[in-house]
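Those sequence lines, one after another, are chains A and B. For the first sequence, the UniProt record's numbering begins at 1 and goes up steadily by one. For the second sequence, the UniProt record's numbering begins at 1 and goes up steadily by one.
Among the hints, a few may not be true.
Below, simulated DSS-like cross-link-like pairs (lysine-lysine); rule was C-alpha separation at most 30 angstroms, straight line [to be verified]:
hint	chain 1	residue 1	chain 2	residue 2
1	A	11	A	37
2	A	370	A	332
3	B	11	A	37
4	B	11	B	37
5	A	186	B	332
6	A	332	B	332
7	A	11	A	64
8	A	406	A	281
9	B	332	A	190
10	B	186	A	11
11	A	186	B	11
12	A	281	A	64
13	B	11	A	332
14	A	190	B	37
15	A	447	A	370
16	B	190	A	186
17	A	37	B	332
Read the hints as simulated data drawn from the structure, not as lab findings.
2 protein chains.
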Amino acid sequence: MTSGLSQLTEKHRPTLDAALAAVRSRAYWSPYPEHPKAYGEQGSVPGSLGAAEGQAAFEALRGKRFELDQPGTDGWAGAEVSPYGPELGITYPHADADVLLPALRAAMPAWREAGPEARAVVCLEILARINARTHEFAQAVMHTSGQAFMMAFQAGGPHAQDRGLEAVAYAYAEQTRTPGAADWSKPQGKREPLELRKEFTAVPRGVSLLIGCNTFPTWNGYPGLFASLATGNAVLVKPHPRAVLPLALTVRVAREVLREAGFSPDLVALAAERDGEGIAKTLAVRPEVRIVDYTGGTAFGEWLEANARQAQVFTEKAGVNTVVVDSTDDYKGLLSNLAFSLSLYSGQMCTTPQNLLIPRGGIDTDAGHKSYDEVVADLARAVDGLLGDEARAHALLGAIVNDQVKERIEAAGRTGEVALASRSLTHPDFPGATVRTPVIVKLDGAKPDAEAAYFSECFGPVSFAVAVDSTADAVELLRRTVREKGAMTVGAYTTSAEAERLVEQACLEECAQLSLNLTGGVYVNQTAAFSDFHGSGGNPAANAALCDGAFVASRFRTVEVRRPA
Amino acid sequence: MTSGLSQLTEKHRPTLDAALAAVRSRAYWSPYPEHPKAYGEQGSVPGSLGAAEGQAAFEALRGKRFELDQPGTDGWAGAEVSPYGPELGITYPHADADVLLPALRAAMPAWREAGPEARAVVCLEILARINARTHEFAQAVMHTSGQAFMMAFQAGGPHAQDRGLEAVAYAYAEQTRTPGAADWSKPQGKREPLELRKEFTAVPRGVSLLIGCNTFPTWNGYPGLFASLATGNAVLVKPHPRAVLPLALTVRVAREVLREAGFSPDLVALAAERDGEGIAKTLAVRPEVRIVDYTGGTAFGEWLEANARQAQVFTEKAGVNTVVVDSTDDYKGLLSNLAFSLSLYSGQMCTTPQNLLIPRGGIDTDAGHKSYDEVVADLARAVDGLLGDEARAHALLGAIVNDQVKERIEAAGRTGEVALASRSLTHPDFPGATVRTPVIVKLDGAKPDAEAAYFSECFGPVSFAVAVDSTADAVELLRRTVREKGAMTVGAYTTSAEAERLVEQACLEECAQLSLNLTGGVYVNQTAAFSDFHGSGGNPAANAALCDGAFVASRFRTVEVRRPA
Numbered sequence: 001m002t003s004g005l006s007q008l009t010e011k012h013r014p015t016l017d018a019a020l021a022a023v024r025s026r027a028y029w030s031p032y033p034e035h036p037k038a039y040g041e042q043g044s045v046p047g048s049l050g051a052a053e054g055q056a057a058f059e060a061l062r063g064k065r066f067e068l069d070q071p072g073t074d075g076w077a078g079a080e081v082s083p084y085g086p087e088l089g090i091t092y093p094h095a096d097a098d099v100l101l102p103a104l105r106a107a108m109p110a111w112r113e114a115g116p117e118a119r120a121v122v123c124l125e126i127l128a129r130i131n132a133r134t135h136e137f138a139q140a141v142m143h144t145s146g147q148a149f150m151m152a153f154q155a156g157g158p159h160a161q162d163r164g165l166e167a168v169a170y171a172y173a174e175q176t177r178t179p180g181a182a183d184w185s186k187p188q189g190k191r192e193p194l195e196l197r198k199e200f201t202a203v204p205r206g207v208s209l210l211i212g213c214n215t216f217p218t219w220n221g222y223p224g225l226f227a228s229l230a231t232g233n234a235v236l237v238k239p240h241p242r243a244v245l246p247l248a249l250t251v252r253v254a255r256e257v258l259r260e261a262g263f264s265p266d267l268v269a270l271a272a273e274r275d276g277e278g279i280a281k282t283l284a285v286r287p288e289v290r291i292v293d294y295t296g297g298t299a300f301g302e303w304l305e306a307n308a309r310q311a312q313v314f315t316e317k318a319g320v321n322t323v324v325v326d327s328t329d330d331y332k333g334l335l336s337n338l339a340f341s342l343s344l345y346s347g348q349m350c351t352t353p354q355n356l357l358i359p360r361g362g363i364d365t366d367a368g369h370k371s372y373d374e375v376v377a378d379l380a381r382a383v384d385g386l387l388g389d390e391a392r393a394h395a396l397l398g399a400i401v402n403d404q405v406k407e408r409i410e411a412a413g414r415t416g417e418v419a420l421a422s423r424s425l426t427h428p429d430f431p432g433a434t435v436r437t438p439v440i441v442k443l444d445g446a447k448p449d450a451e452a453a454y455f456s457e458c459f460g461p462v463s464f465a466v467a468v469d470s471t472a473d474a475v476e477l478l479r480r481t482v483r484e485k486g487a488m489t490v491g492a493y494t495t496s497a498e499a500e501r502l503v504e505q506a507c508l509e510e511c512a513q514l515s516l517n518l519t520g521g522v523y524v525n526q527t528a529a530f531s532d533f534h535g536s537g538g539n540p541a542a543n544a545a546l547c548d549g550a551f552v553a554s555r556f557r558t559v560e561v562r563r564p565a
Numbered sequence: 001m002t003s004g005l006s007q008l009t010e011k012h013r014p015t016l017d018a019a020l021a022a023v024r025s026r027a028y029w030s031p032y033p034e035h036p037k038a039y040g041e042q043g044s045v046p047g048s049l050g051a052a053e054g055q056a057a058f059e060a061l062r063g064k065r066f067e068l069d070q071p072g073t074d075g076w077a078g079a080e081v082s083p084y085g086p087e088l089g090i091t092y093p094h095a096d097a098d099v100l101l102p103a104l105r106a107a108m109p110a111w112r113e114a115g116p117e118a119r120a121v122v123c124l125e126i127l128a129r130i131n132a133r134t135h136e137f138a139q140a141v142m143h144t145s146g147q148a149f150m151m152a153f154q155a156g157g158p159h160a161q162d163r164g165l166e167a168v169a170y171a172y173a174e175q176t177r178t179p180g181a182a183d184w185s186k187p188q189g190k191r192e193p194l195e196l197r198k199e200f201t202a203v204p205r206g207v208s209l210l211i212g213c214n215t216f217p218t219w220n221g222y223p224g225l226f227a228s229l230a231t232g233n234a235v236l237v238k239p240h241p242r243a244v245l246p247l248a249l250t251v252r253v254a255r256e257v258l259r260e261a262g263f264s265p266d267l268v269a270l271a272a273e274r275d276g277e278g279i280a281k282t283l284a285v286r287p288e289v290r291i292v293d294y295t296g297g298t299a300f301g302e303w304l305e306a307n308a309r310q311a312q313v314f315t316e317k318a319g320v321n322t323v324v325v326d327s328t329d330d331y332k333g334l335l336s337n338l339a340f341s342l343s344l345y346s347g348q349m350c351t352t353p354q355n356l357l358i359p360r361g362g363i364d365t366d367a368g369h370k371s372y373d374e375v376v377a378d379l380a381r382a383v384d385g386l387l388g389d390e391a392r393a394h395a396l397l398g399a400i401v402n403d404q405v406k407e408r409i410e411a412a413g414r415t416g417e418v419a420l421a422s423r424s425l426t427h428p429d430f431p432g433a434t435v436r437t438p439v440i441v442k443l444d445g446a447k448p449d450a451e452a453a454y455f456s457e458c459f460g461p462v463s464f465a466v467a468v469d470s471t472a473d474a475v476e477l478l479r480r481t482v483r484e485k486g487a488m489t490v491g492a493y494t495t496s497a498e499a500e501r502l503v504e505q506a507c508l509e510e511c512a513q514l515s516l517n518l519t520g521g522v523y524v525n526q527t528a529a530f531s532d533f534h535g536s537g538g539n540p541a542a543n544a545a546l547c548d549g550a551f552v553a554s555r556f557r558t559v560e561v562r563r564p565a
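Make the full structure from the sequences, and use the hints.
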């Protein structure tokens, strides 16, 4: 176990430097292995939990109080039920905000004084210890989000850790753009120059509130958490009531590392809530809270933007993701790629395509011209094929996260002609899990009543194959969708330079991230930290992107002290 | 005359690089000379207007329409009266926003496509042409703000240009942190790596609205104007109705340069208004407007923050600036430095000290212990001495910008014992000018009714010598003032390491910029671009600092297009 800051610096500075280089080059890089076997078994990788140990660590948490020695605990709360069926039976400290928030504030001055590099390496140690427990986090993410194991492992583990590290790198770079001190000498002609010594200190905003989400508690939570912590703020973590455990584990590791490094553990604390308590609304407008990070529905996101006026508010809300299908030179690749994107985690990703815009006259492909009906039927067949093997289906789909998603699947089938019906599967290990395959519904984009279905987010394994008059028509609908509803992702398939130009222009002007002609092992709904931006921050789906300068720059301020030299 | 972009790049790239280096080192630097003689006379400096030519150019504008060939002009507006007396008699195009705003939007795609470097060098050409006309701008600033000539020349000219250039440098750096393109290759064990080509484009938010102020139309206007323009946005300039000319001249130069460089001049346009029209309120909530920069009163600043929700809103509002007087080893220097700070532009700067907190038991100095009464009397004498010479007084004071300031001077005298009464002076060249020397009022900080006077901004040449129990007491009042009222500047005089530590801690924790022991030719109310931050963005006086990463980072977004390699 490391303790001193200098040891932490020695251990983590090379990783920080590599992360700084990666965000500049945007080339592939990650320090956290994404293959489960990399974490060894029975101590074969020192300090790291293997699959069985991770599972055992998770099981040991169940049915108990999750102790955190944080101030202001006035009770216990928690009633998580795995989307796979079992109740977790874990309760977490419920906090008296009037005690906890002052403790967070009190922890900040020493953290500010430590400076950007010390904060960065402490954050990297937190991430390293989380990484070593990835197998335990994978279980926690799987049994709160309903993700299948491999996704819970990768997206909830190394990929989330990547996004956390990326935020630390941006935060460090931003804070060190201005030197710690400077000598200033202004010539005055024949007189002596004016001379000042200036000191510049990055100072935190205050308490940063993380409002976690149900589906990606760590992946969507780590960027804000680590960006705020690395810029000197204390972070209060308010998890989604159905996905507390992954963030509670995170808070526990963070507190342990902070204490060992000589800082107050109260720089990171948990705010669990009782059923229906809605504490996010109360906490978000507390004067101590100066930063809010939120992922979730549009209504509460907009409420936060309008009401948490004392804070910098970063939100990721709902959007409607579009794929424009114009033409392809790899029809088979198009079908398999899209089928995977629609199936992954039962479409419960903010990045899953929803509206597939297909010309009613069909498309040109390397397998000949395909009519609109053929494209939709072939896509339905591709999804069926992908999910025909039950084991593979479960490995991809995971479980439905809540009843609203289930209801949306039923409702979607009533909006148009069902090209692919959603099937219920029974999970071999978890018979209580709700498992559903995607539904694909055909809609005529020219019919005004169809818009009611496709022109709002239908979160879950629902996609609409919307027949449009032409690719130009599709691009116009794409523009309008991004402008009015927002989008986390846009995809397009085309062999036409002109169609490609139109889609690119639309994405540049409406500010959406575009993936073109993905036919292999990269999917429109996946982004890689250090290289891809998640969201643009420039359309209604999100007011921030993961991760860029704007995501970190306003989390701290620079205070200057100047005096005669 | 340059025209092609490559010539502009050749001409300005070294200046851009020097600016980028300066904001990193924070050492003294400026490309724009601050001495009036540097601009020559009668063409002795090619392309540059000398004093007489600048004056003549200004006079030639008076009593006429100020033509701007921008779309949507539906009338003429303008009724500026110089604080020195004369009516300017200039009218400006009044715009139909429904015509002008779409024209601004239409100008943006080509500007976006030009990329960060082209935008930066075009901005630098605009600044260079403004710089060459500094003598004309000095007249325009003097006769709208009421600043004395030398201040109008320097703060309205080279110092404002510095702040504009600084914003361009930050904008360029921010946009180029991400490369234009990257190759991404993710290893897949024994299989072929996943390979993507990624392109990254900085895209603008939309139309940026600059709401100008009366006292520093260029200095406070240029950072937002150039930050937005350099990040690809079109800028609509809505000047204060009493200070239109400096920004109208700016718009004219910008349009001329943009056109010559092959872009639409409609990237920068003017929105002048009729008396009492209040168009800022209408424009700020237009959906096309995605950025607002504002300097002015707190009430409208807060209205913008609450209502212009579709936009990024950058505000500089009112604050209460404090100087803590604890002790000094240069009593004479303290007095002369403070006297100058209180007198400059009749205290009509957002950075002028207002509350001088002095222990009631007096202070230790190199000239012996001085009682509270002695310190205040000596300061009054120092101001009197500084302004005893009429010519020097006029060179420092300038004119009172509006009747409200005059009324505040009268009212201040009724709040406590007047240690220094404000005098009226008659300007030798402009007998119509309202010229007032500062008033200093003694208040007892322990008396609750005194707080009504000193605990809110009293904009103008009014300062309060507040007697406090101790330096610790002063620091507590400083903290409370910054937290509740905001501050653009804090000053302190002390020889005690402990007092210095207390003040520094307060400024770091409450987020205010601190100047310590200024006794020479640097004043608490002046900041230098490329080195000093103006405001902190972390207390109620302003939500942004000039200039840092946060001031530019959210003015654009990065759109990624990725495709198989």
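Against the structure, the hints come out as follows:
Distance restraint check for residue 11(A) and residue 37(A): the Cα-Cα separation of roughly 24 angstroms lies within the 30 angstroms cut-off, and the hinted pair is therefore satisfied. Taking the CA atoms of residue 370(A) and residue 332(A), the gap is near 12 angstroms; set against the 30 angstroms cutoff, the hint holds. Of the pairs offered as hints, the one joining residue 11(B) and residue 37(A) is violated, with about 58 angstroms between alpha carbons and a cut-off of 30 angstroms exceeded. As the CA atoms of residue 11(B) and residue 37(B) are separated by approximately 24 angstroms, the hinted pair is consistent with the 30 angstroms bound.
Distance hint between residue 186(A) and residue 332(B) is fulfilled; the C-alpha atoms sit about 23 angstroms from each other, no more than 30 angstroms. Taking the CA atoms of residue 332(A) and residue 332(B), the gap is near 85 angstroms; set against the 30 angstroms cutoff, the hint is violated. With a C-alpha separation of about 35 angstroms, the suggested pair residue 11(A) and residue 64(A) falls outside the 30 angstroms cut-off, and the hint is violated. Between residue 406(A) and residue 281(A), the direct Cα distance comes to roughly 27 angstroms. Compliance with the 30 angstroms bound is thereby established for this hinted pair.
About 23 angstroms separates the Cα atoms of residue 332(B) and residue 190(A), which keeps this hinted pair within 30 angstroms; it holds. Restraint check for residue 186(B) and residue 11(A): satisfied, since their Cα atoms lie roughly 25 angstroms apart, inside the 30 angstroms limit. Between residue 186(A) and residue 11(B) the CA atoms are separated by roughly 25 angstroms; this keeps the pair inside 30 angstroms, and the hint holds. Between residue 281(A) and residue 64(A) the CA atoms are separated by roughly 28 angstroms; this keeps the pair inside 30 angstroms, and the hint holds.
For the hint linking residue 11(B) to residue 332(A), the alpha-carbon distance of about 53 angstroms lies beyond 30 angstroms, and the restraint is violated. Taken as a hint, the residue 190(A) and residue 37(B) pair is honoured in the structure, with Cα atoms around 16 angstroms apart against an allowance of 30 angstroms. Of the supplied pair hints, the one linking residue 447(A) and residue 370(A) holds, its CA atoms being roughly 22 angstroms apart against a limit of 30 angstroms. Of the supplied pair hints, the one linking residue 190(B) and residue 186(A) is violated, its CA atoms being roughly 62 angstroms apart against a limit of 30 angstroms.
Taking the CA atoms of residue 37(A) and residue 332(B), the gap is near 74 angstroms; set against the 30 angstroms cutoff, the hint is violated.
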